[in-house]
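*Asks:* Chain by chain, the residues:
Number of protein chains: 2
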Amino acid sequence: MEAPAQVQADLDRLMPLLDTGLTAPFRQGDAVRLGEAMRYSLEAGGKRVRPVLCLLACEAVGGTPAEALPGALALEYVHTYSLIHDDLPAMDDDDLRRGRPTNHKVFGEGHAILAGDALLTEAFGVLAGAALDPVKRAEALALLAEGAGWRGMAGGQALDLEGEKLATYDLDHLRLIHRLKTGALLRASVEIGAVLGGAAPEARSALRAYGEAIGLAFQIQDDILDATATEAELGKRAGKDAGRGKITYPSLLGLDGARQALEEATETALCHLASLPNRNSLAAWARYLALRAK
Amino acid sequence: MEAPAQVQADLDRLMPLLDTGLTAPFRQGDAVRLGEAMRYSLEAGGKRVRPVLCLLACEAVGGTPAEALPGALALEYVHTYSLIHDDLPAMDDDDLRRGRPTNHKVFGEGHAILAGDALLTEAFGVLAGAALDPVKRAEALALLAEGAGWRGMAGGQALDLEGEKLATYDLDHLRLIHRLKTGALLRASVEIGAVLGGAAPEARSALRAYGEAIGLAFQIQDDILDATATEAELGKRAGKDAGRGKITYPSLLGLDGARQALEEATETALCHLASLPNRNSLAAWARYLALRAK
Numbered sequence: 001m002e003a004p005a006q007v008q009a010d011l012d013r014l015m016p017l018l019d020t021g022l023t024a025p026f027r028q029g030d031a032v033r034l035g036e037a038m039r040y041s042l043e044a045g046g047k048r049v050r051p052v053l054c055l056l057a058c059e060a061v062g063g064t065p066a067e068a069l070p071g072a073l074a075l076e077y078v079h080t081y082s083l084i085h086d087d088l089p090a091m092d093d094d095d096l097r098r099g100r101p102t103n104h105k106v107f108g109e110g111h112a113i114l115a116g117d118a119l120l121t122e123a124f125g126v127l128a129g130a131a132l133d134p135v136k137r138a139e140a141l142a143l144l145a146e147g148a149g150w151r152g153m154a155g156g157q158a159l160d161l162e163g164e165k166l167a168t169y170d171l172d173h174l175r176l177i178h179r180l181k182t183g184a185l186l187r188a189s190v191e192i193g194a195v196l197g198g199a200a201p202e203a204r205s206a207l208r209a210y211g212e213a214i215g216l217a218f219q220i221q222d223d224i225l226d227a228t229a230t231e232a233e234l235g236k237r238a239g240k241d242a243g244r245g246k247i248t249y250p251s252l253l254g255l256d257g258a259r260q261a262l263e264e265a266t267e268t269a270l271c272h273l274a275s276l277p278n279r280n281s282l283a284a285w286a287r288y289l290a291l292r293a294k
Numbered sequence: 001m002e003a004p005a006q007v008q009a010d011l012d013r014l015m016p017l018l019d020t021g022l023t024a025p026f027r028q029g030d031a032v033r034l035g036e037a038m039r040y041s042l043e044a045g046g047k048r049v050r051p052v053l054c055l056l057a058c059e060a061v062g063g064t065p066a067e068a069l070p071g072a073l074a075l076e077y078v079h080t081y082s083l084i085h086d087d088l089p090a091m092d093d094d095d096l097r098r099g100r101p102t103n104h105k106v107f108g109e110g111h112a113i114l115a116g117d118a119l120l121t122e123a124f125g126v127l128a129g130a131a132l133d134p135v136k137r138a139e140a141l142a143l144l145a146e147g148a149g150w151r152g153m154a155g156g157q158a159l160d161l162e163g164e165k166l167a168t169y170d171l172d173h174l175r176l177i178h179r180l181k182t183g184a185l186l187r188a189s190v191e192i193g194a195v196l197g198g199a200a201p202e203a204r205s206a207l208r209a210y211g212e213a214i215g216l217a218f219q220i221q222d223d224i225l226d227a228t229a230t231e232a233e234l235g236k237r238a239g240k241d242a243g244r245g246k247i248t249y250p251s252l253l254g255l256d257g258a259r260q261a262l263e264e265a266t267e268t269a270l271c272h273l274a275s276l277p278n279r280n281s282l283a284a285w286a287r288y289l290a291l292r293a294k
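Sequence order for the protein chains is U and A. Per the working numbering, the first sequence starts with residue 1, numbered consecutively. Per the working numbering, the second sequence starts with residue 1, numbered consecutively.
Keep in mind the hints are simulated off the structure, nothing from the lab. Just so we're clear, the structure is a prediction, and the values are computed from it rather than from any experiment. Yeah, the Cβ is synthetic: ideal placement off N, Cα and C, and Gly gets one too. Heads up, a few of these hints could be off.
[Stated by the list, open to error] Below, in silico cross-link-like pairs of lysine-lysine (DSSO-like), each with a Cα-Cα straight-line distance of 30 Å or less: (1) Lys105/A to Lys105/U; (2) Lys136/A to Lys246/U; (3) Lys246/A to Lys105/U; (4) Lys136/U to Lys136/A; (5) Lys47/U to Lys105/U; (6) Lys136/U to Lys47/U; (7) Lys136/A to Lys47/A; (8) Lys136/U to Lys246/U; (9) Lys47/A to Lys246/A; (10) Lys47/U to Lys246/U; (11) Lys105/A to Lys47/A; (12) Lys105/A to Lys246/A.
[Said to hold, decoys possible] Listing some non-contacts, in silico: residues in chain U with all C-beta distances to chain A over 10 Å: (13) Val7; (14) Arg33; (15) Gly46; (16) Glu67; (17) Leu96; (18) Leu120; (19) Leu176; (20) Leu180.
Construct all of the structure, not just a fragment, from the sequences and the given hints.
*Replies:* So this is what it looks like as structure tokens:
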């Protein structure tokens, strides 16, 4: 589907800010080939969901996009590193990502590992070096580490790898994996935006809960798309979860059950926005992410 | 050789502080196996050079070890992640590290990649979450990212990988690689300690220059050891540089030339300490690192 008007307006407004900042730091340096590998994956496009949510959360509490920009860039670096490493032969072993060969197919495995490592490092570097209030900056850095680390995304990816060897597991375990693997960084995206925008404690909690709910919705929709869309539509291999007998929301709940769970998670996300004055964009994004086609 | 008295006294004093802090955070969590993989490499021992230098630099400018401890832990996490990733089949392809099977040999490649990723993330997390002055904390985080990232250690490792495919390269290129690959994090170790100890600008510059010089000395001695020591002495594969025709200080300068370069770098390091009142420990470490047997 095409993005709805509100989402498209936000993208038109915010994407130039992101695109300028994302790759500029990696053009001049000694490690030329590594810089190319980092830029290759940053320039592959993608929806920029995490940085956009970060900027919108900052605006939702009265901040400006410029205040949250270092956080937004950091989140896209972390997300991009995770895609590069997830695609490696020792992990999901994918050749195609966003319609192009994966990083290790172009630059080799060694450089792909290092490009991921360097992007993860620069994520913290761009935040640490930003001209922000030191307390906000430290809080954002701690949230980023929490969302990306062994209690968040990296831990979820490890459980997901281990899950492929389990004969079966239940809905609670599936939820745990996704809360860590996908949910933790999405939640951090929203909460970092809130912190950098100077959110009051209640608004910050509400946005954290919103982030948690859209993280769940995002993953359910990912599973539904993997089961129903084609490779050409996704720009990556389709049906790969079913192909390796992986447990997903559709495999546990059926397609209709998964769609209902998706709707409930989206409703939950919308409810948590109720107390915020500037909630239109975040509400539109919650609905859009649940209906996206890739 | 045994550590000299001053070095041994510092180790006896500082190691308990480090050993308690290093693995404690990774015992309780959902990603049990990933936590085990992280602890396996953290517990493998090693000289803890980077965290010890960080604590000593803090003391050299009048701070206490406790003030620099989060920085010291962060540095050991970064160093440990780099060893895990460097040992992977796509990088140096090593089976043995500190006398034990490498991380990927025990936990598999996927978990080894993730254990490295998670340790790198936690390095920033432990600093970001520490109860330190926010300005010092942000400076330490920026220095850590600079030392570890694509302009530092990760960039140097990429150049080193690329160098294996070059027919030959000169001393300047070798120096560049090692300044990034080994030197940047050692320099950061000392400078982070200085910052967390509240160093005045001149003392911070002097310690940064000391760190740069011992980084060079460290790498020259590494090359000399690779060419002259046995696997049993090193606890890792010996002669691997020569075995793959890699350019090293001994191969460019001869063993005597390399030993002279090592002595010069150590002298440079010692000179930069001249203006510091509490310089005895750092001076002893510079001499010790140049004479170490593994």
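*Asks:* Of all the hints given earlier, name the ones this structure violates by number, lowest first.
*Replies:* 2, 8, 14, 18, 19, 20
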